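Colleague: Sequence:
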Amino acid sequence: MLMIRLQRVGRKHEPVFRLVLTDSKNSTKSGKYIEVLGSYDPRQDNKVEQFDLVKIKAHMSKGAKLSDTVHNFLVSRKAIEGKKRNALPKKTPIKKDAPAEAAAPKADAPAPAAEAPAPTPAA
1 MLMIRLQRVG RKHEPVFRLV LTDSKNSTKS GKYIEVLGSY DPRQDNKVEQ FDLVKIKAHM
61 SKGAKLSDTV HNFLVSRKAI EGKKRNALPK KTPIKKDAPA EAAAPKADAP APAAEAPAPT
121 PAA
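Residue numbers for the sequence shown follow the numbering used here, beginning at 1 and rising by one.
There are no misleading hints in this set.
Taking lysine-lysine and the DSS-like style, the derived pairs with C-alpha atoms no more than 25 Å apart in a straight line are: (1) 65 x 29; (2) 55 x 32; (3) 29 x 90; (4) 12 x 29; (5) 25 x 62; (6) 65 x 47.
Pairwise CB distance ranges, derived in the manner of DEER restraints: (7) 94 x 18: 35 to 45 Å; (8) 87 x 27: 15 to 25 Å; (9) 97 x 45: 46 to 56 Å; (10) 62 x 10: 22 to 32 Å.
Source of the hints: derived by calculation from the structure; they are not laboratory data.
Since the structure is predicted, the reported quantities are computational estimates derived from the model, not experimental observations.
Built from N, CA and C at the ideal position, the CB exists for glycine as well.
Please put together the full structure from these sequences, using the hints given.
Modeller: Next comes the structure, spelled out in structure tokens:
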């Protein structure tokens, strides 16, 4: 699946991003991409961004997906319609220990026959 996402190309402590079309299986740091669709510099006062909206919409019509951050950029600039997505990492719910849950119902159950005292034989 093709993905439109940001790729960092700036130096250390000087972030600059490219908007690239790439395969979703490629790592963001691999440097592999099919086409450059724009750039973004967050250090500038007016947050300079140069996106080729015609090419972005053309690739979207062919089935390319947007990353959450790129989707939010385009929604805030009113280039596409929709609601913003949560781009922060999804937290997994805290799972309770399975053995502790399994042990609790067994405590309420009657004691097994092996634990009961064996009857003494009558002499």
